[in-house]
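Chains A and B, in that order, give the protein sequences.
Residue numbering for the first sequence is 1 to 103, as defined by the UniProt record's numbering.
Residue numbering for the second sequence is 1 to 463, as defined by the UniProt record's numbering.
These aren't lab readings, by the way, just hints derived from the structure by calculation.
Predicted model only: the values in this text are computed from it and were never measured.
Possibly wrong hints are sitting among the right ones.
Said to hold, decoys possible - Take a look, some chain B residues computed to stay more than 10 Å from chain A by CB distance:
id, residue
1, A69
2, I165
3, L172
4, T241
5, T398
What the hints assert, rightly or not - Label-pair distances were calculated between CB atoms; the ranges are:
id, chain 1, residue 1, chain 2, residue 2, range
6, A, Q10, B, V13, 19 to 29 Å
7, B, G406, A, F7, 28 to 38 Å
8, A, E96, B, S181, 50 to 60 Å
9, B, F155, A, E96, 27 to 37 Å
10, A, E27, B, G447, 38 to 48 Å
11, A, E13, B, L175, 39 to 49 Å
12, A, P64, B, L172, 15 to 25 Å
By construction, the Cβ of each residue, glycine as well, lies at the ideal position given by its N, Cα and C atoms.
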Amino acid sequence: MDTLLAFFHQHTELIYIVILSIFLGVEVISRVPSVLHTPLMSGANAIHGVVIIGAIIVMGKAEPDNIPALIIGFLAVILGTINVVGGFVVTDRMLEMFKGKKK
Amino acid sequence: MIGSSILSIIYLVGSVTFILGLKMLSRPDTARKGNLVAAAGMLLAILGTIFLYRVNGEPLHNLGWIFAALAIGSIAGVSAARKVKMTAMPEMVSLFNGMGGACAALISIIEFAHYPLMDGMVVIMLLSLVIGAVSCAGSIIAYGKLAGKIKDFSFNGQHIVNLLILGAIVILSVLLFTGLSSAAVTALFYTICALSLVYGVLFVLPIGGADMPVVISLLNSFTGVAAACGGFLYDNPVMLTGGILVGSAGTILTILMCNAMNRSLKNVLIGSFGGATAAAGGGGEQGHYREISLSDTAVVLAYANKVIVVPGYGLAVAQAQHAVHELEKLLEDRGVTVKYAIHPVAGRMPGHMNVLLAEADVPYEKLLEMEDANNELATADAVLILGANDVVNPAAKTNPASPIYGMPILEVENAKAVIVNKRSMKPGYAGIENELFFQPKTSMLFGDARKVLQDLAAAVKEV
Numbered sequence: 001m002d003t004l005l006a007f008f009h010q011h012t013e014l015i016y017i018v019i020l021s022i023f024l025g026v027e028v029i030s031r032v033p034s035v036l037h038t039p040l041m042s043g044a045n046a047i048h049g050v051v052i053i054g055a056i057i058v059m060g061k062a063e064p065d066n067i068p069a070l071i072i073g074f075l076a077v078i079l080g081t082i083n084v085v086g087g088f089v090v091t092d093r094m095l096e097m098f099k100g101k102k103k
Numbered sequence: 001m002i003g004s005s006i007l008s009i010i011y012l013v014g015s016v017t018f019i020l021g022l023k024m025l026s027r028p029d030t031a032r033k034g035n036l037v038a039a040a041g042m043l044l045a046i047l048g049t050i051f052l053y054r055v056n057g058e059p060l061h062n063l064g065w066i067f068a069a070l071a072i073g074s075i076a077g078v079s080a081a082r083k084v085k086m087t088a089m090p091e092m093v094s095l096f097n098g099m100g101g102a103c104a105a106l107i108s109i110i111e112f113a114h115y116p117l118m119d120g121m122v123v124i125m126l127l128s129l130v131i132g133a134v135s136c137a138g139s140i141i142a143y144g145k146l147a148g149k150i151k152d153f154s155f156n157g158q159h160i161v162n163l164l165i166l167g168a169i170v171i172l173s174v175l176l177f178t179g180l181s182s183a184a185v186t187a188l189f190y191t192i193c194a195l196s197l198v199y200g201v202l203f204v205l206p207i208g209g210a211d212m213p214v215v216i217s218l219l220n221s222f223t224g225v226a227a228a229c230g231g232f233l234y235d236n237p238v239m240l241t242g243g244i245l246v247g248s249a250g251t252i253l254t255i256l257m258c259n260a261m262n263r264s265l266k267n268v269l270i271g272s273f274g275g276a277t278a279a280a281g282g283g284g285e286q287g288h289y290r291e292i293s294l295s296d297t298a299v300v301l302a303y304a305n306k307v308i309v310v311p312g313y314g315l316a317v318a319q320a321q322h323a324v325h326e327l328e329k330l331l332e333d334r335g336v337t338v339k340y341a342i343h344p345v346a347g348r349m350p351g352h353m354n355v356l357l358a359e360a361d362v363p364y365e366k367l368l369e370m371e372d373a374n375n376e377l378a379t380a381d382a383v384l385i386l387g388a389n390d391v392v393n394p395a396a397k398t399n400p401a402s403p404i405y406g407m408p409i410l411e412v413e414n415a416k417a418v419i420v421n422k423r424s425m426k427p428g429y430a431g432i433e434n435e436l437f438f439q440p441k442t443s444m445l446f447g448d449a450r451k452v453l454q455d456l457a458a459a460v461k462e463v
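Please take these sequences and the hints and turn them into a complete structure.
Here it is in structure tokens:
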């Protein structure tokens with residue numbers, strides 16, 4: 001219990017960010033026309049690719065002779081990059097067509 | 001010192017671009033820009049991390065490896081995203097999502113060795129590992145299902161097995177903290193990882209292929225949460241905001257998708273559809289239906305004043321969007337007004353039909369949203385239903401026992417004539433009979449949507 005309280009105290013700011021972000025996410029999405037649901041899902045998919053930053057940090061921290069960590073980290077960065085880059089490109093392609101037909 | 005201050009500002013800017021990006025993505029006129037804004041923020045955050053992040057005052061090493069991985073990932077991501085057909089888009093998103101989940105799980109696997117067990121961060125790591133692994137395995141199964149590579153599979157008591165696995169994951173996680181030897185802890189950790197993967201597979205396997213978009217949206221928000229765990233781990237605000245935003249927005253999006261189908265999330269996940277079907281079948285009484293030939297259909301369409309097309313999942317499966325646009329142009333040339341009635345969940349993914357028809361350059365003004373469509377359907381001489389079923393099933397209005405009862409539908413029976421193109425008389429994904437097909441106004445035109453539409457276009461030319 002003490003550990004839990006200490007953890008909470010230590011990370012109050014982060015926990016605030018979490019709570020506020022939850023409300024923000026709900027707020028932002030609730031007014032979306034259904035036509036945009038799919039591109040939005042795809043755009044959100046690209047945004048959670050931000051996990052790649054964690055992968056980069058892991059990679060950057062690994063000792064150059066720690067081969068397993070390097071290999072796993074390398075893989076993690078590749079996967080994260082595909083998530084980010086692919087996600088944004090697919091979303092853009094989707095929205096490009098919406099644009100085209102509006103004219 | 002200055003470097004890390006700049007990095008803080010970069011992360012702040014990154015977080016703001018994610019919020020702005022999501023907000024802009026939710027409006028049609030700004031959506032594309034919103035995507036670019038978020039992408040720019042992401043690029044900034046990634047570059048900032050590579051060059052300005054400090055571990056105990058030291059810059060990151062292994063930059064060569066990092067850039068190599070970034071290059072490989074970018075090339076793979078861009079080429080996959082460019083090559084994919086728009087109709088196959090949901091499975092692509094699912095695959096990308098799975099990779100994000102895998103990335104989160106891998107981070108936990110490496111970091112686990114670096115932290116003392118009694119640290120609160122280990123709990124966060126476990127969370128990230130479990131959620132990431134479930135999301136990864138689940139997304140790959142969802143991809144396989146949508147791509148038609150994996151069949152629905154369920155066995156008796158599967159829900160109980162799933163619950164047991166989930167329980168085992170929790171129990172093993174608690175066991176980690178009971179002061180076992182480090183070898184045992186490592187073994188336990190990998191067991192948890194393996195169980196999470198198995199859970200992800202079993203969680204998605206029994207859910208019907210047509211429900212996959214809902215599942216993908218849910219797994220999408222899972223990965224968001226896993227990414228946010230990374231934010232905790234590294235005290236990194238941009239990962240935290242990005243991850244949590246997606247987590248909460250994804251959850252709401254999932255619920256909205258379910259609402260549009262008038263089903264609860266629980267209903268989708270547990271798939272009680274199968275059970276409800278028998279009761280709703282109404283004794284399985286299969287009235288008489290009338291078939292119509294291609295040439296008759298061509299005559300009906302060519303001499304109509306107004307034709308309304310109702311596209312559905314069948315159109316997407318047959319990749320018939322270009323064919324329907326061809327037919328539409330031919331009819332328009334003859335002076336027939338052609339419009340499309342778009343049900344919000346036609347194709348079982350919000351906006352699926354819009355994307356599909358947009359790919360074939362169908363003009364935006366021709367697409368009617370459900371309400372407008374229902375106002376116009378009464379004035380249509382003919383309705384051409386292409387592979388849609390549940391969204392035009394009158395049982396949603398008339399039969400309280402039906403599982404889709406209460407779902408708003410396109411009231412096609414108000415039109416003068418209804419022509420239904422389906423591959424067979426098999427019921428739609430909800431597994432329920434559609435009495436529309438047996439009404440006197442309705443004629444059935446069997447066949448693959450694309451083939452039928454191409455033949456129809458040829459027949460219309462000859463009328």
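Results for each hint:
With a cut of 10 Å on Cβ distances, A69 of chain B falls inside the contact zone with chain A, its closest approach being about 4 Å. In this structure I165 of chain B is separated from chain A by more than 10 Å, as the shortest Cβ-Cβ distance comes to about 24 Å. The non-interface label for L172 of chain B is consistent with chain A: the shortest C-beta to C-beta separation is roughly 20 Å, beyond 10 Å. Not every Cβ of chain A is farther than 10 Å from the Cβ of T241 of chain B; the closest lies at roughly 5 Å, contradicting the non-interface assignment.
Consistency note on T398 of chain B: stated as away from chain A, and its beta-carbon is indeed over 10 Å from all of that chain's, at 25 Å minimum. In this structure the hint that Q10 of chain A and V13 of chain B lie 19 to 29 Å apart at CB holds, the actual value being about 26 Å. For G406 of chain B paired with F7 of chain A, a C-beta distance near 45 Å fails the hint of 28 to 38 Å. Distance hint check: the CB atoms of E96 of chain A and S181 of chain B are about 57 Å apart, consistent with the given range 50 to 60 Å.
For F155 of chain B paired with E96 of chain A, a C-beta distance near 44 Å fails the hint of 27 to 37 Å. Range check, E27 of chain A to G447 of chain B: Cβ separation about 47 Å, and the 38 to 48 Å hint holds. At about 32 Å, the beta-carbon gap between E13 of chain A and L175 of chain B misses the expected band of 39 to 49 Å. Roughly 33 Å separates the CB atoms of P64 of chain A and L172 of chain B, a value that falls outside the hinted 15 to 25 Å.
Taken one by one, the earlier hints fail for this structure at numbers 1, 4, 7, 9, 11 and 12, listed in ascending order.
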